[in-house]
Structure formats: structure tokens, C-alpha cells
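Turn these sequences into a full structure, and let the hints steer you where they fit.
The listed protein sequences derive, respectively, from chains F and X.
Going left to right, the first sequence walks through residues 1 to 146 as this note's numbering numbers them.
Going left to right, the second sequence walks through residues 1 to 147 as this note's numbering numbers them.
It is worth saying that the hints were derived from the structure and are not from the lab.
Owing to the predicted nature of the structure, the values given are computational and were not obtained by experimental measurement.
Among the clues, some could well be false.
[Unchecked claim] Computed list of lysine-lysine pairs in DSSO-like fashion (alpha-carbon distance at most 27 Å, straight line):
1) F/Lys58 x F/Lys76
2) F/Lys58 x X/Lys6
3) X/Lys63 x F/Lys58
4) X/Lys79 x F/Lys126
5) F/Lys126 x F/Lys106
6) X/Lys79 x F/Lys76
7) F/Lys126 x X/Lys76
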Amino acid sequence: MNRYQKLAWFNLIVITATIIITSAAVAIELRMRGYSTIGGWFVAILVLLKFNPFLFKKPQGRDKVLCDERDSFIIKRARSFAHTTFWIVFIVSSFAVHILMGMGPKSSVPTITLPLMAVGGALFMKIVCSVAILVQYGRGGKGAKQ
Amino acid sequence: MNQTQKRAWLSLASYVIGIPCLAYIFIMLFTFGRLPDSFLGRGWPLVVLWAFIVIGWICILRKQSPAEVDSDERDKLIKRRAVLIGFVSVWILLAAVSIILWLILGLDGAIPVWFLTIINLCVFSVIALIFQIAIIVQYGRSKGEKS
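Below, the structure is given as C-alpha cells:
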């Protein structure tokens, strides 16, 4: 498993864990108190994503190779795919909100919806990018060799 | 001028024609509730815009000479940089819109659902515009460096 695969797995695990823990905490809090104030703070687990460069250090030294042509091609393709998917989902979700909340002029959403959509979009992009990297390495079979 | 530049110029021209037309339609619909019975009100500008885009694409896809290449390494690098600029702009724009909304409406405020859709579509359009401008600016710069 090379560095990029490890990074992809780490991202997927952190994001999945955050979603599960936050949802569970909010659900438990809602059941016990009727409202939720603490549960949302579990989103802070996402800070772990910023520790990627320290956890998976780039190989140091002259003879060490960070990535070859194929690796950079896989990363580029995964990023491009994630970028395209992000836009499709972002625009579709804004129409979905329109359909779910009703078409009438009186239907409204809190102002926090927009930043939440942006954060959700960023997480979605990270997930898609990580999955695309893993799928491409899985197809090639090179990652398993390393 | 290569294909990437032509595409960027065509998109920019489409925006320059399209934005005033759409703005006019929106303003008329929201102010008067209906479109006026005029050339602009009957939706003809949008037909003209679509015709312009289709003709433009046909012209772009037709090669000026058989030796003309679709894109080289430099074009790819310019496109990649433009995508990166657009990507960074997405987050800056979304953050700016969210902060402005919070400042105007407060943390407990609410916005109509149709407004959210319009915001997202506007952000998308602005990013597409930034992408095209970034391409044109980069080509302009490299031309200046050469001369």
C-alpha cells in the first residue's frame, strides 16, 4: 500500500467516524433532552484530516521516490472526477432542497444551510476523491505490490 | 489563437450577452410579475444567445488548418491552473456569501428556498466566468513574456 492509498483510507475512516459519532451523539442528545447543543461539536474530529502531512510523511532522501507518472495521473484523475461530481451534486442538492421544502414563496431555510451545504460538499469531494484513488489503484493492482 | 483560447472567448462573450438578458427577465418577473410584450420580453434574446453559442462552437470545432493541434502541454498546464483558481474561488465565494447573509439576517435568520438555489447557480456561473478569465489572462501573460 503506497502513501496515497494510506491517505485515502485515512480520510475515509476519519470522515465516516465523524459522521457516525456526530449523528449518534445528536440522536442521543435529542432523545434525552429534546434539543442538541453538544452533539454537533463532534464534527471537530475532522481536524484530524489536517494532520495528514505529519502522519504520512513524504519519503526523505535522494533515492526515495514520492510518486511516479502513474501515481500522479491517478491523483489528477481522482481530483478531476471529485471536482466534477461536486458541482453536479451541489447544483442538484440546491434543487432538491427546493423540491423537499416546497415550491411556495413562503418556504424558507435557516441561513446556516448554505455553509452546511458547502461543508457537506467539501466532505463529499474528499470522499469521492479518496474512493476514486482506491478504485484506480485497485484496478491497476500496483498498490498492493508496494 | 488555439482552441482553448477560442472556447474561453466564446464563453466570455456568451456571459456578456447572457447575463444582462437573464437579469432583465428576472427583474421584470420579480417587479411586474410578468414579462413585457416586447422583443426582449418574448425571450428572443435567449434564442439569439443559443444560436450564438451553437454557431460559435461549430466555428471552434472546425480547424483553421489540418496542422492545428487541439491542445499541448502548455494548454493543459494553463487549464489546470485555471481549474485551481476556480476551485479556490468557490470556497472564498461561498464563505463570503454565508458571512454576508449572517451579517444581514443574523444567525437565526432564514432565507427563501428559491434564493438558496439562485445563490448556488450564481456561484456556479461566477466560477465558470473566473475559469474563462483565468485562461485568457494566462494566455495574455505568456504572450507578453514572449514579446
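Here is what the structure says about each hint:
1. F/Lys58 x F/Lys76: With Cα atoms ~18 Å apart, F/Lys58 and F/Lys76 stay inside 27 Å; holds.
2. F/Lys58 x X/Lys6: violated, 40 Å
3. X/Lys63 x F/Lys58: violated, 45 Å
4. X/Lys79 x F/Lys126: Given pair X/Lys79, F/Lys126 holds - Cα atoms ~22 Å apart, limit 27 Å.
5. F/Lys126 x F/Lys106: violated, 35 Å
6. X/Lys79 x F/Lys76: Holds, at about 13 Å.
7. F/Lys126 x X/Lys76: holds, 23 Å
Of the numbered hints stated above, those contradicted by the structure are hints 2, 3, 5, listed in ascending order.
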